[in-house]
Amino acid sequence: MLTLRHVNAGYGDFQALFDVSLDVNAGEAVAVIGPNGAGKSTLMRVISGLIPAVAGSIEMEGTSVLDAPPYEIVGMGVAHVPENRRLFPRMSVEDNLRMGCYLPKFRARFEERKRFVYELFPRMQERRDQLAGTLSGGEQQMCAIGRALMSDPKILLMDEPSAGLAPVIVQQVFELIDRIRAEGLTVLIVEQNVKQVLRVVDRAYVLESGSLHMEGTADELLQSPEIQKSFMGM
Amino acid sequence: MNSKLLVAIVAAVLVALPFLGIGPYPLHLVIVILIWSFAYTGWSVMGRFGLVSLGHGAFMAVGGYVTALLWNEVGLTPWIGIPVAMACAAGLAVLIGYPCFRFRIIGHYFALVTLALSEVVRQIIIATRDTTGGSLGYTPERFGDGWSIVAFQSDDRMMFYYVALFFWMVGLVIWRLVDRSMSRYALEAIWEDEDAAAAVGVQVTKEKLKVTVLSAVMTAFAGAMYCQYQMFISPDTIGGVGISLQIVFAVVVGGIYSMLGPTIGAVITILLAEVLRIWIGTEAICLTDKICFNAAGVPLLVYGIMLILFIIFLPKGVVGAVIDKWQGRGKRAEQS
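Those protein sequences? They're chains Y and R, same order as listed.
Going by our numbering, the first residue of the first sequence is number 1, and it counts up by one from there.
Going by our numbering, the first residue of the second sequence is number 1001, and it counts up by one from there.
Where hints are given, some of them may not hold.
As the list claims (entries may be wrong) - Dumping the calculated DMTMM-like pairs for lysine to aspartate or glutamate here, alpha-carbon to alpha-carbon at most 20 Å:
1) Lys1206/R <-> Asp67/Y
2) Lys1206/R <-> Asp1179/R
3) Lys1206/R <-> Glu72/Y
Unchecked claim - Not close to chain Y: a few residues of chain R, all C-beta gaps over 10 Å, as computed:
4) Ala1196
5) Gln1203
6) Gln1327
No lab work stands behind these hints: they were computed from the structure.
Predicted, not measured: the structure shown is a model, and the values here were computed from it.
Backbone N, C-alpha and C fix where the C-beta goes; we use that ideal spot for every residue, glycine too.
Can you build the whole structure from these sequences, using the hints too?
Written as structure tokens, this is what we have:
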């Protein structure tokens, strides 16, 4: 579904991604794991068009998204849950969801998608008139995922969904991801919380200093001594 | 009280106002208030989304000067001159807005860029004094006595009152249309988080540019109306940093987030300026033999103090505070 080949990207003179190639097949959940500063967020931002790729190709279902502006990429069915939620704090939960189907072609389905999100996350329905900035961390993550689901995306990009959350909440967030997978959605997720994320995905890539070092199924990586040593402190 | 009834009564009073035995001076004040209200509403259309422009004096000056220059120099009727002036303001808005929005110049930095715009346009008017009259001001040529549709001029205050009243209402309708549009959500989202807005598919630069052009065009129209009514413009009466700041001040006082905020701001600031002018005059005031100042500066002093007090104590302005209080009372009544 999503194919990256030899992607280089960065900020100004600083190059953050070197020759990154990866694939996400329909229905799959794939993780990119790696330490701080490995380029995980940059990878997400390149795919969703927020920063340009310097070289390489990115294709979504065979269509290049390389020079497409972010709104076109959203229109192709790529939804981005940014790092640290990035909700609109002074808007209500429902208005945040409304922004999720902002594109004209999605607007007509607002009510239908809203019902879907409320069924998935009943807590959001209880909180619908509350300002998003006043939600708890876990609820904010729910709202951010809900906002991304409003456009009925084909693939969901999740940037560090566990960042800045208490361990109990992190547990809940990964349960949310399980629920989304059960809906048949394709998910690409970047995480530092390696142990947890490998339990909810099918495959994973290891990103270090801007390039991919390893890839394998979640089980392989969980068993790998190298991963256990560098990421799980075993 | 039934709010529809209230609106109907206010509308009826406004329409009948010239026949209620109102003198020429009060009627003049009302017209001036209506024209400035339109300009302030135009500013708040973008200002309410955190796009604080200190450059609207420039758009107002473009509106007035382009209209008057085309009339005097080319003999072009304001019916064409005003749209041309509005197009010029739109062009200027794109010229200054596009680079700002493209390269993420936001908040204070955007305000500073637009502040410079105010001064640049004022300096251009002064530098081309052979044509524009410089700081001495400029007068559109009179068509003759009475009124003329072609010249968009009239001796008759009453006629201008209805023109100003009509466009004031158009201004409110535009405000309401923006308020009810999807652009409103987009602009609020952009204000809160540009990246997140872009990530859900908002075209950040385009949305900002759209509302900036709308705001500039409205302000230019107000400048043209002011020119046609006063039959005199100068860089200091419709342009420059002074007017830009006056616009921001009035809207902050009235209420930046409410439809009637800019209008109430115009009422308060213009009446205040008149009262201070009549009460204190423009004589020199001497505290001691050595410390003297011109009393014409006193209104500025009062403005400055009021602005500080409003920003601290009534950040939503008079109208915003009244609405909050009213809604708060409604909620308490529901609970009890």
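Hint by hint, here is what the structure shows:
no.	hint	verdict
1	Lys1206/R <-> Asp67/Y	holds, 17 Å
2	Lys1206/R <-> Asp1179/R	holds, 17 Å
3	Lys1206/R <-> Glu72/Y	holds, 14 Å
4	Ala1196	violated, 4 Å
5	Gln1203	violated, 5 Å
6	Gln1327	holds, 14 Å
When the structure is compared with the earlier hints, violations turn up for hints 4, 5 and for no others.
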